[in-house]
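Q: If you read the protein sequences in the order shown, they are chains A and B.
Just so we're aligned: 41 in the working numbering is position 41 of the first sequence, and the numbers increase by one with no gaps anywhere.
Just so we're aligned: 56 in the working numbering is position 56 of the second sequence, and the numbers increase by one with no gaps anywhere.
Incorrect hints may appear among the rest.
In this list, chains with the same sequence are indistinguishable; a pair is considered to hold if it fits within one copy or across any two.
What the hints assert, rightly or not - Below, a list of computed lysine to any residue pairs in the SDA-like style, where the Cα atoms sit at most 25 Å apart: (1) Lys42 x Gln178; (2) Lys38 x Asp63; (3) Lys42 x Trp66; (4) Lys38 x Gln151; (5) Lys79 x Arg60; (6) Lys38 x Asn65; (7) Lys38 x Arg115; (8) Lys79 x Gln58; (9) Lys79 x Pro153.
FYI, nobody ran anything at the bench for these hints, they're computed from the structure.
Number of protein chains: 2
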Amino acid sequence: MDRAIVLLSGGMDSLVTAGIACRENDEVCFLHVNYGQKTQEKELECFRQLVLHYRPTQTRIVDLNWLGEIGGSALTDDKITIEDYQGRKDAPLTYVPFRNANLLATAVSWAEVIRANRIYIGAVEEDSSGYPDCREVFFQSMQAAINTGTQCPFPIEIRTPVIHLNKADIVKLGMKLQVPFEYSWSCYKDNQIACGVCDSCALRLKAFEQAGFTDPIPYAWEKQR
Amino acid sequence: MDRAIVLLSGGMDSLVTAGIACRENDEVCFLHVNYGQKTQEKELECFRQLVLHYRPTQTRIVDLNWLGEIGGSALTDDKITIEDYQGRKDAPLTYVPFRNANLLATAVSWAEVIRANRIYIGAVEEDSSGYPDCREVFFQSMQAAINTGTQCPFPIEIRTPVIHLNKADIVKLGMKLQVPFEYSWSCYKDNQIACGVCDSCALRLKAFEQAGFTDPIPYAWEKQR
Chain A
1 MDRAIVLLSG
11 GMDSLVTAGI
21 ACRENDEVCF
31 LHVNYGQKTQ
41 EKELECFRQL
51 VLHYRPTQTR
61 IVDLNWLGEI
71 GGSALTDDKI
81 TIEDYQGRKD
91 APLTYVPFRN
101 ANLLATAVSW
111 AEVIRANRIY
121 IGAVEEDSSG
131 YPDCREVFFQ
141 SMQAAINTGT
151 QCPFPIEIRT
161 PVIHLNKADI
171 VKLGMKLQVP
181 FEYSWSCYKD
191 NQIACGVCDS
201 CALRLKAFEQ
211 AGFTDPIPYA
221 WEKQR
Chain B
1 MDRAIVLLSG
11 GMDSLVTAGI
21 ACRENDEVCF
31 LHVNYGQKTQ
41 EKELECFRQL
51 VLHYRPTQTR
61 IVDLNWLGEI
71 GGSALTDDKI
81 TIEDYQGRKD
91 APLTYVPFRN
101 ANLLATAVSW
111 AEVIRANRIY
121 IGAVEEDSSG
131 YPDCREVFFQ
141 SMQAAINTGT
151 QCPFPIEIRT
161 PVIHLNKADI
171 VKLGMKLQVP
181 FEYSWSCYKD
191 NQIACGVCDS
201 CALRLKAFEQ
211 AGFTDPIPYA
221 WEKQR
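Based on the provided sequences and hints, a complete structural model is requested.
A: Encoded structure:
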């Protein structure tokens, strides 16, 4: 029997990853992490909607508020402004220090307790914003750390099913899997209406356009019309 | 300039590790993590005393209460009884699932923000209680994850200076470095007076005896005399 933990932020990539995990496993458990990000409230709302939609076997919401308190990222620190999209290739100010290592370590601890053998994370390497902890080479190292640092009698495997897809292909795959994109959140800036101009909104909008679909969530400019 | 973060639980091994870090670096910063362990209160008290003693440049106390809430360890779960010392070689019930990965991930995130280039952790492989995440092979994997998953411009190095020492040698080294053993806590069971019979107390007492020193902390049986 395969039991998977899905790290579900409420973003588009993790939602499609959840859709994949639901097909590949006998049981799925959803894990959401608050880390003091500015859009925490909206992401949590999406997570709750996705729980109602997918009905996972178990759910857990974990607070890593310290990760926001230490600062160092535009996603958590009010003193750092979130820039509009400029198509940069280096890691931007929205990089949250070593976030994915913390997310995976959290998921692995829980996996050991509930006997889950797979952990899904919706990281995207290509077409991403250049975060070092979204690259396959990082996940391979974390896999080695899991293999050597856990005591459960079976292997716990990290799965990153969308890591080499581009955003447009992620939208297409999500549409095929009929994932509820209306319950996903990508905007870095706002808790109510997506801004449409931050890095994350810009990549999302471009992805829907390239995939030939309409993004079902509302955007700020639609309100202004 | 070398700036180190020391993961300081308040236990004997991390205290001696702190003593070493203070000699090897220009600046040290102390990091303490609460994770819902039964002796959290006493460990925090030791940490505060050690801050007064060593006067680190920065300190941080992080709450990972979820790690206790998920259960799975006798250190955090009241439903699992802490056994008396029996000299077992397999990982005991006091193993906290993937704890050291969570501690390291926390320290690395902070290191990226405060520009620390070393992280000290007082793990002991030999003569330990058989925790998988205390072995050198695990730390090597985590080092690879740090090298691939961080974006800071310099390497962040994990240092485990006591990993291949036995407990008696750790006591001897601590005495040489004049670390304040009176502000350290090893007991798994109690918040006030060390029980003297749990795995951790038994190993500590044996270590002091073999090293030829008297442990300065009081034990439960001394009270009964």
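Q: Is it within, between, both, or neither for Lys42 and Trp66, if the alpha carbons may be no more than 25 Å apart?
A: Cα proximity of Lys42 and Trp66: in one copy and across copies (19 Å, 22 Å).
Q: Please work out whether the CA atoms of Lys38 and Asp63 approach to 25 Å or closer within one copy, between two copies, in both situations, or in neither?
A: both (14 Å within a copy, 20 Å between copies)
Q: Tell me, please, which holds for Lys38 and Gln151 at an alpha-carbon limit of 25 Å: within, between, both or neither?
A: Between copies only: 22 Å across chains, 36 Å inside a chain, cut-off 25 Å.
Q: Could you figure out if Lys38 and Arg115 sit no more than 25 Å apart (CA to CA) within one copy, between two copies, both or neither?
A: between (33 Å within a copy, 24 Å between copies)
Q: At 25 Å max between alpha carbons, let me know whether Lys79 reaches Gln58 within a copy, between copies, both or neither.
A: between (37 Å within a copy, 21 Å between copies)
Q: For Lys79 and Pro153, with the copy left unspecified, which applies at a CA distance of at most 25 Å: within, between, both, or neither?
A: Intra 46 Å, inter 22 Å, cutoff 25 Å: inter-copy only.
Q: Please work out whether the CA atoms of Lys42 and Gln178 approach to 25 Å or closer within one copy, between two copies, in both situations, or in neither?
A: within (22 Å within a copy, 52 Å between copies)
Q: One pair to classify: Lys79 and Arg60, alpha carbons no more than 25 Å apart. Within, between, both, or neither?
A: Result: close only across copies, 20 Å inter versus 30 Å intra.
Q: One pair to classify: Lys38 and Asn65, alpha carbons no more than 25 Å apart. Within, between, both, or neither?
A: Both ways: Lys38 and Asn65 sit 12 Å apart in one copy and 22 Å across, limit 25 Å.
Hint compliance for this structure: every hint is met.
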